[in-house]
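**Student:** Top line first, the protein sequences correspond to chains A and B. Be aware that the first sequence starts at 15, since it is given in our numbering, and climbs by one per residue. Be aware that the second sequence starts at 24, since it is given in our numbering, and climbs by one per residue.
Among the clues, some could well be false.
Across the chosen pairs, the derived CB separations fall in these ranges [as the list claims (entries may be wrong)]:
1) S137/B - S43/A: 43 to 49 angstroms
2) P63/B - S31/A: 26 to 32 angstroms
3) D85/A - Q68/B: 21 to 27 angstroms
4) H19/A - P63/B: 18 to 24 angstroms
5) G66/A - K83/B: 31 to 37 angstroms
6) I67/A - Q68/B: 24 to 30 angstroms
7) T51/B - S72/A: 21 to 27 angstroms
8) Q76/A - E39/B: 41 to 47 angstroms
9) E65/B - P28/A: 22 to 28 angstroms
10) S137/B - R56/A: 20 to 26 angstroms
11) K75/B - N77/A: 26 to 32 angstroms
12) K93/A - E39/B: 49 to 55 angstroms
13) T93/B - E36/A: 41 to 47 angstroms
14) D85/A - L135/B: 39 to 45 angstroms
The set of hints was computed from the structure by calculation and includes no laboratory data. Note that CB positions come from ideal geometry on N, CA and C, so glycine has one too.
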Amino acid sequence: SQTIHQWPATLVQPVGSPLSLECTVEGTSNPNLYWYRQAAGRGLQLLFYSVGIGQISSEVPQNLSASRPQDRQFILSSKKLLLSDSGFYLCAWSTEAGNQPQHFGDGTRLSIL
Amino acid sequence: GNSVTQMEGPVTLSEEAFLTINCTYTATGYPSLFWYVQYPGEGLQLLLKATKADDKGSNKGFEATYRKETTSFHLEKGSVQVSDSAVYFCALSDRRNTGFQKLVFGTGTRLLVSP
Chain A
15 SQTIHQWPAT LVQPVGSPLS LECTVEGTSN PNLYWYRQAA GRGLQLLFYS
65 VGIGQISSEV PQNLSASRPQ DRQFILSSKK LLLSDSGFYL CAWSTEAGNQ
115 PQHFGDGTRL SIL
Chain B
24 GNSVTQMEGP VTLSEEAFLT INCTYTATGY PSLFWYVQYP GEGLQLLLKA
74 TKADDKGSNK GFEATYRKET TSFHLEKGSV QVSDSAVYFC ALSDRRNTGF
124 QKLVFGTGTR LLVSP
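Looking at chain B on its own, in the form it has when it is part of the complex (with noise of 0.2 angstroms):
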């Protein structure tokens, strides 16, 4: 079945250090793939999402890419601050015969910025 791996956290950076928060996926078909960021005792909220392969996700100076030859979609940034500290997660679309529409997450990984 379809699935997300991500890397282990925590992940812990001085402010304005690169961000680099690793994510691959196994999947049949063509699916869309999402990062969620979820700051504490919060919802998710979606960060950025790419449909197709090559496609660029960015939003809020994170970015990542649909790269389709090495299933991956890493989440990437030039300099974090303290407020990006939180929990991400990856996603994929996991589109059912049926038309329903399910996001398989991975596991989330935790970033700690600190000052």
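Excised from the complex, chain A in its bound form (with noise of 0.2 angstroms):
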């Protein structure tokens, strides 16, 4: 069966600095991949996604970036981390297949101080 782990679960990170979030998906090949950001008592927006190696969109300008370095693993980056950048990050897959569901991991709490 299929699983997705993310890492690490909880953050806490000075203005500034700098973040890598990673996410691996076990179990299949070629998913796609996506970075959500849930803001706190909101919904969900996506933030980047990878349908392959090396291939990643961007659905808003802000200051994260996104790579994909291997099939099954999708990395979440920023050089210098605003306050506004706090929130609940959420990684997912889905098979290539249309109008299939996402799966998603438990989650990075992020807390910029």
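Since each chain comes alone in its own frame, lean on the hints to assemble the complex.
**Tutor:** Right, dumping it as structure tokens:
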């Protein structure tokens, strides 16, 4: 069966520090991968998605970037964090086939001080 | 563009009460529809799905029927439990021309069930 792992589960970082969140998927190949952010008490905002290695699409302009160095690895990064980057970050995967559900990791809670 | 509208929360119920969380959508074509549940501090879990008109998705006592004529996908449960307290998200698939499928989420509805 397929599983998705995100780490770390929680992170407290100072303003201006770098960020690296990692997500890996097991049990499937060539998945579509996604990064979402969920601000406190609000819905989900799609940040990035990827349909293959090295292929990244950004949905909103922001202080973050994403990379996919391997088929089942998706990384969310920043060179300098802002206070507004605080939130709950969720990674998800889906198959290539259309109209299929996305499956989410347990999320990373990021607090910027 | 495609969109999903959910009822505002929180929805507050007593245990064993009947639950309805309304969801309506706007979409071109024939999207699939989903309900996700998020328990406190966790990621989203797929609760149920429906891929075409008149399909009924069901899981763990929850049900939702894909109503094309009313563009709705309301979530129902006959008897809620305290453990059902969570945030529920309605979503639809939005298939891009490239073949990539994006989910469009509603803003979520918080359900609070008291003993």
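**Student:** Next step is simple, just say for each hint if it's right about the structure.
**Tutor:** Against the structure, the hints:
| no. | hint | result |
| --- | --- | --- |
| 1 | S137/B - S43/A: 43 to 49 angstroms | holds, 46 angstroms |
| 2 | P63/B - S31/A: 26 to 32 angstroms | holds, 27 angstroms |
| 3 | D85/A - Q68/B: 21 to 27 angstroms | holds, 24 angstroms |
| 4 | H19/A - P63/B: 18 to 24 angstroms | holds, 20 angstroms |
| 5 | G66/A - K83/B: 31 to 37 angstroms | holds, 35 angstroms |
| 6 | I67/A - Q68/B: 24 to 30 angstroms | holds, 28 angstroms |
| 7 | T51/B - S72/A: 21 to 27 angstroms | holds, 24 angstroms |
| 8 | Q76/A - E39/B: 41 to 47 angstroms | holds, 45 angstroms |
| 9 | E65/B - P28/A: 22 to 28 angstroms | holds, 27 angstroms |
| 10 | S137/B - R56/A: 20 to 26 angstroms | holds, 24 angstroms |
| 11 | K75/B - N77/A: 26 to 32 angstroms | violated, 40 angstroms |
| 12 | K93/A - E39/B: 49 to 55 angstroms | holds, 53 angstroms |
| 13 | T93/B - E36/A: 41 to 47 angstroms | holds, 43 angstroms |
| 14 | D85/A - L135/B: 39 to 45 angstroms | holds, 41 angstroms |
Of the hints listed earlier, the one the structure fails to meet is number 11.
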